[in-house]
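Got two chains here, each in a separate frame; can you build the complex from them with the hints?
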Amino acid sequence: MERRIENIIELANGEKYFVYKQAVYKKDNYFAVISVSENEKELTSKYKILHEIVQDASTYVEEVADHKLFDLIGKYLGILEK
Amino acid sequence: MLNRLEIVESIREIISTFPEEHDVEVNKSGLLNLDKIKYKAIKLADINAIDVELKVDESNQAGVGYDDELVNLYVTRKNELENHLQTLKMNFEEREILITKLNQNLKIHESYKTECEVAIQNLSEQADVPNLSENIKTGYIAQINNNNNIIADLIKSCGNIEQELLENKRKMDEIKIKISETKETIKEIEESIQRSEKVLNDNNEQSKIAKRNTLTNQNEDNRLILSIIEKDLEFPQAEIFLRLSEMIDLYDSSKIDENEVVDRLNKLLSKYNQIDKDSVCANKVVESTVINDMITEYDLRIKKLSTKIGNKDNYLTSVVHAVKRANEKNAIDQDLSKYNTELVKAKKHNIILLQTIAALESKNEKEAVVYQNLNAQSNKLITSVTLNSSNEEAIRQQLDEIAKNLKTSNAKSSRNKTSIEICEFDVKMNNEKINKYEEAINKLEQERVELENKTDSTEIDKFLLYKDETELNKLSEDKKILQTRKTFLDKNLEKMLVNLINGISTDRQIIKPKLVKDEIFDLVEDDAKYEPIEEEKIEYKQPENSLEAEQQTQNEPTIEDEVNDFREENANDLNMNLILGFERANKELVKKVKSNPKEIARKFKNKSNQLSNEVDVEVESQNLNQLLNNDQEVK
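For the protein sequence lines, the chains are D and E, in the order given. Residue numbering for the first sequence follows numbering that gives the first Met the number 0, starting at 0 and increasing by one per position. Residue numbering for the second sequence follows numbering that gives the first Met the number 0, starting at 0 and increasing by one per position.
Bound-form chain E, shown alone (with noise of 0.2 Å):
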């Protein structure tokens, strides 16, 4: 049996394989199949004599996985297969008239054949006549050749004929298989509707069977509803029962429909409400109560959560600031030790070369010293020139000396000089150089204490404490749960406030009947739909005195512990198991499963019975403990 998915597989793969010259027009008329479907109305006249019309809609179909545009599809394919069809059929046909025809030509060429032989028979017979002269003998020689290779190039078309009439057959053959497969096909589509129409039946009428006992209990609770009345509250009771019963008879004789069995029942309930609202809806209101103090209490949690959530962010930017400030601090303390760094050197360097110079200044005094030594000895040496002439020679060799010295003196002097001029020039330069330096520095120090300033000490210590940069990955990783907390309590508010118009409108009035279509699969639905309300009843009471909470604040698990908390619990909860991967399953596996089909699904149907006897007991067993819970009252 052929699921929808490989029923559209097949069907894909068969047409993939069609040329594209027969592909024809979807023929309409297949339609008038998928309308009994569609637009098939069922009437419900004999449910509690109610009229009902049942449409199945689009989306009761799209509810069972058979939607327009699938069975669109299997139309549009079915007739496409059976107009392909028709064009094999035609093609089968043209291709038999063809083979008759090459039939009927081989059969003229082995005629031919045959008298062509005849013909060299008797040629052959000619040529061995010996008074013939050897010309004509030649020519019939040549003519017994040509027609040889006549006779070779007609058996050679009979050749192709005959493999040309094997690859029609071939072709044939796949045409028929293809045309078998394609009625297959057609017919397990059939199916697969057919199917799909019991599904729908099915489930209408098991919704015929909700609907019946939904207007059963209905019943019970509006009798339960008037007892409760009549009891508590001293209704007129001969009042009511004789509205209750002219509505039941008036409900059973199809005069009024289950709407009007509503409001009728509303307008008693509402009767009711004015005497005493609290007696019937007591507990309900309480819920009610209980549930808006949930959500006062969540709001509080979300806003509380907001708060933190904005606190966090604040606390980030400040401290963003705070490092920025901190690195403009740092790379003043930088530069300003880099200036100090070269006005230490740049004074060093200046004592150094004032030192110099005091050295070049002494060196220069003691060189004018020796020259006006020289100078002296030199005025003298000439004045004993002038008194005794004899050793004038030799005096004069004296004062070529002293005046070589004083030259050598004079040049040093001079140099010296020099040295100094240059060294005062450094000192000078650098002298500017230490107040660009003092200048900077006076104006970093500035700078520097106004960022102090700026920065009061709870930002430093802030600071001190989350400079690293794993501690601001952290806070944001905080936020993020903080904010993952807050939908996840923005959900069940929502969740809770369904819930609690849900109770509302259950307590004040009775609900209208939904449409038979949708009460098979709301049903399934609403059961989970309250399950929430009691898990966050225990997990979020409010407690009662500030003690009490400040106690519960402190105890309080981390936020990220109550996001773990709560996804384990909702997986638990439902029973549900976390998928860690899909992979291919090994083909003997495969091979295993599809060799028994009908063993696998009586296994499955051993397991629908087991559900279905879980329930019962179940039941049984809730019955029995009203039993007994009825027999201790009686005692």
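Looking at chain D on its own, in the form it has when it is part of the complex (with noise of 0.2 Å):
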């Protein structure tokens, strides 16, 4: 597992994302990340987490959707507002 932080996630579907914080729960990898502009120079809108998934030698990210899950490790990283 790579450290990914303030690096740039580009995905199959054109989206980018700004890599803002790392976490590794349960030997997985779980990224907390900002959505960037196509050139990679603003911030847009969309802020997640991120769950690393390694499948058939190829890497895919799925969106954490499950809130608790969420909460968890967004205070594991201290980026949720108290």
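Check each hint, because a few of them may be wrong.
[Stated by the list, open to error] Taking lysine-lysine pairs in the BS3-like style, the calculated list, with each CA pair at most 25 Å apart, reads:
1. K207(E) / K25(D)
2. K40(D) / K604(E)
3. K593(E) / K74(D)
4. K74(D) / K186(E)
5. K602(E) / K67(D)
6. K591(E) / K15(D)
7. K15(D) / K586(E)
8. K197(E) / K74(D)
9. K586(E) / K45(D)
10. K74(D) / K604(E)
11. K40(D) / K186(E)
12. K67(D) / K586(E)
13. K591(E) / K25(D)
14. K597(E) / K74(D)
15. K40(D) / K597(E)
16. K67(D) / K186(E)
17. K175(E) / K74(D)
18. K45(D) / K597(E)
[Unchecked claim] Pair by pair, the computed Cβ-Cβ distance ranges are:
19. E1(D) / S594(E): 20 to 28 Å
20. K40(D) / M89(E): 19 to 27 Å
21. E14(D) / P596(E): 19 to 27 Å
22. E14(D) / N612(E): 22 to 30 Å
23. K40(D) / N612(E): 46 to 54 Å
24. V23(D) / P596(E): 17 to 25 Å
25. E14(D) / V614(E): 20 to 28 Å
26. V23(D) / D201(E): 17 to 25 Å
27. P596(E) / E1(D): 22 to 30 Å
28. V23(D) / S611(E): 20 to 28 Å
29. P596(E) / K40(D): 13 to 21 Å
30. N608(E) / E14(D): 18 to 26 Å
31. S252(E) / V23(D): 40 to 48 Å
32. E1(D) / V614(E): 26 to 34 Å
It should be emphasised that the hints constitute simulated quantities derived from the structure, not laboratory data. These figures come from a predicted structure and were not determined experimentally. Quick reminder that beta carbons are idealized off the backbone N, C-alpha and C, glycines included.
Structure (structure tokens):
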């Protein structure tokens, strides 16, 4: 698992995300990300936690949609406003 | 606020600046703080009066990212930093003592300087007295110069001392900065430990809630099961209520624990199952049967695929053999063609040689006639010389001429004979060659026939079809795809078996409650565990009759398509997105993000609220649907 903080992730659907924080939970990688514009210079409006999945030698990400898991990882990373 | 990785990095950075001689042993008393986190036991006596001691073990700590190694690292680094701070303080005190000493030395030197200046002044005044001898004057001047040099040296050393003082002051300032940085880092580490403690506590709270919910749900389920038993099977109602109320009383008064409750309910269920297993578990059993059918279908498919792979292997082997044999045949054909060419050449050469021999023999015959003619002419002339001596000289000349011609003819004939012999030898050699070639050709033809007998027509056809290397490669690729498909099927079969086991166990008995610490995390996984069953059920439904099966086989997509579809379906169902790559963000963007952490935290909080609301809306809509259904039923 490599450190991806302050990296830009480019996805197959064309979206790009700035990795704000990174956590390892139950041996899986999670990224707190903010969407960025095509030219990678501006932040846009999507704030997500992505779960990294390695399958058949390819790496995918899925959005964490479970709010309990979102809060748990968010608190651990210290990114949720108290 | 720093996260775990940043803290570790900053600690490493600070430690890397420490001189080696300042490395000190770890003060183990620092572990007391860790023990609070690591071995804290929480009693859950107030949850449904069940005494469950929750120990936060290593796995739970790993669960939130603070494993033993990391926490030990924090504590070790904290102790090292404290020791280093102590060493720095001692150094600081030593340097203060040194500065005091240097100040004292400076004062002594300054007083000495003043004394020297006074002495110089006196000496200068004395040097001006006119009646002192010149020698004394010179001596004084030398003394003055000497003293001046000493003063200059003293001033220089004072300057050095001042510089050293400044240097020491600068070092002290640096040490002070480091001390304050170290204090900040320690503070951050402590905050981080507190934060992790808080997360652990939160987890425990959530675990308590989850456990309570699970128990409540189980009670609800149990009540439902009992009502079904009562309604459908006319199980002695009074007895059930009696036992149930007894059990609930005992449970509420903490006389029995949840395991006992589970055991009792299982006993009731087993009774129920003995009366009529099908009524409660019918759906589940049907589901299990469907899953079993699907497993059988999977087995069949795997078997079919294995056979296909085996066939492909055999096919590849036979094709390779066919190619090998074809290559051998080609080599034989090439040899045959070579030998045939040589044979034809040798035969042609023989014909030429025989023609040459015939020509030479014909020449020899002509020469023999010439020779005989010359001989006859010579005999005639000899006779004429005997009869008529007047022409003797002329006849002798003619005879000489004839003898010369005879000699030439003889030589020609002899030369021709040699040529004929050479030609005959060549012919002989050629014949030997021809025999050898013919023998080789016969042998090769025999081999060729044998090879053709070995290769049956199908294999030749296969060879014709697949002699191209591209075809062979395609076969290998197909084989790979088949193997990939088989791996997929194996994996899914394993998943289905797990699901089947889980399904049956929930069917036949009530699952004992899991350990509190695992529950909240396992709930997340459980949701995903059952997903693949539904997908597979639709995709691989067994056709009922053979005609349908045949049609399905005809319309069946290729294996490659299936693999691709399978991958795509999985990716879509899990809402997964392929990562194309990572690259370092530009500095301006990083600065922009770092400049406003509060705003970002607020946005993430909004997202969290949004997710929470979505869940609430979903639950509400389910409740609403339930109410509507109930209304319709009542109507």
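Tested hints:
1. Note on K207(E) and K25(D): the hinted pairing holds, with a Cα-Cα distance of about 20 Å set against a maximum of 25 Å.
2. Straight-line distance between C-alpha atoms of K40(D) and K604(E) comes to about 24 Å, which keeps the hinted pair within the 25 Å bound.
3. For the hint pairing K593(E) with K74(D), the CA-to-CA distance comes to about 18 Å; that is within 25 Å, so the pair holds.
4. About 19 Å separates the Cα atoms of K74(D) and K186(E), which keeps this hinted pair within 25 Å; it holds.
5. Our distance criterion of 25 Å between C-alpha atoms is met by K602(E) and K67(D), whose separation comes to about 17 Å.
6. For a cut-off of 25 Å, the pair hint linking K591(E) to K15(D) stands: about 16 Å separates their Cα positions.
7. Annotation: proposed proximity of K15(D) to K586(E) holds, straight-line Cα distance about 16 Å (limit 25 Å).
8. Distance restraint check for K197(E) and K74(D): the Cα-Cα separation of roughly 9 Å lies within the 25 Å cut-off, and the hinted pair is therefore satisfied.
9. Annotation: proposed proximity of K586(E) to K45(D) holds, straight-line Cα distance about 20 Å (limit 25 Å).
10. With a CA separation close to 10 Å, the supplied pair K74(D) and K604(E) stays within the 25 Å bound.
11. At roughly 35 Å between alpha-carbon atoms, K40(D) and K186(E) are farther apart than 25 Å, so this suggested pair is violated.
12. Among the hinted pairs, K67(D) with K586(E) is inconsistent with the structure: their alpha-carbon atoms are about 33 Å apart, more than 25 Å.
13. A distance of roughly 31 Å separates the Cα atoms of K591(E) and K25(D); the hinted pair therefore is violated under the 25 Å criterion.
14. At most 25 Å may separate the alpha-carbon atoms for a hinted pair to count; K597(E) and K74(D) meet this at roughly 14 Å.
15. The hinted pair formed by K40(D) and K597(E) meets the criterion: a straight-line CA distance of about 20 Å does not exceed 25 Å.
16. Proximity of K67(D) to K186(E) is assessed by CA-CA distance (about 29 Å); at most 25 Å being required, the pair is judged violated.
17. Restraint check for K175(E) and K74(D): not satisfied, since their Cα atoms lie roughly 34 Å apart, outside the 25 Å limit.
18. For the hint pairing K45(D) with K597(E), the CA-to-CA distance comes to about 16 Å; that is within 25 Å, so the pair holds.
19. For the hinted restraint 20 to 28 Å between E1(D) and S594(E), the CB-CB distance of approximately 26 Å keeps it satisfied.
20. Checked against the hint of 19 to 27 Å, the C-beta distance between K40(D) and M89(E) comes to roughly 52 Å, which is inconsistent with it.
21. Roughly 23 Å separates the CB atoms of E14(D) and P596(E), a value that falls within the hinted 19 to 27 Å.
22. Range check, E14(D) to N612(E): about 23 Å between beta-carbon atoms, so the 22 to 30 Å window is met.
23. The given range of 46 to 54 Å is broken by K40(D) and N612(E), whose C-beta atoms sit roughly 32 Å from each other.
24. Distance hint check: the CB atoms of V23(D) and P596(E) are about 21 Å apart, consistent with the given range 17 to 25 Å.
25. Between E14(D) and V614(E) the Cβ separation comes to about 24 Å, which falls inside the hinted range of 20 to 28 Å.
26. A beta carbon spacing of about 19 Å between V23(D) and D201(E) agrees with the range 17 to 25 Å that was offered as a hint.
27. Checked against the hint of 22 to 30 Å, the C-beta distance between P596(E) and E1(D) comes to roughly 24 Å, which is consistent with it.
28. Here the CB-CB span from V23(D) to S611(E) is close to 24 Å, well matched to the stated 20 to 28 Å.
29. Range check, P596(E) to K40(D): about 20 Å between beta-carbon atoms, so the 13 to 21 Å window is met.
30. A hinted range of 18 to 26 Å for the beta carbons of N608(E) and E14(D) is consistent with their spacing of about 23 Å.
31. Between S252(E) and V23(D) the C-beta distance comes to about 45 Å, which sits within the given range of 40 to 48 Å.
32. Checked against the given bound of 26 to 34 Å, the beta carbons of E1(D) and V614(E), roughly 33 Å apart, stay inside it.
The structure shown violates the earlier hints numbered 11, 12, 13, 16, 17, 20 and 23.
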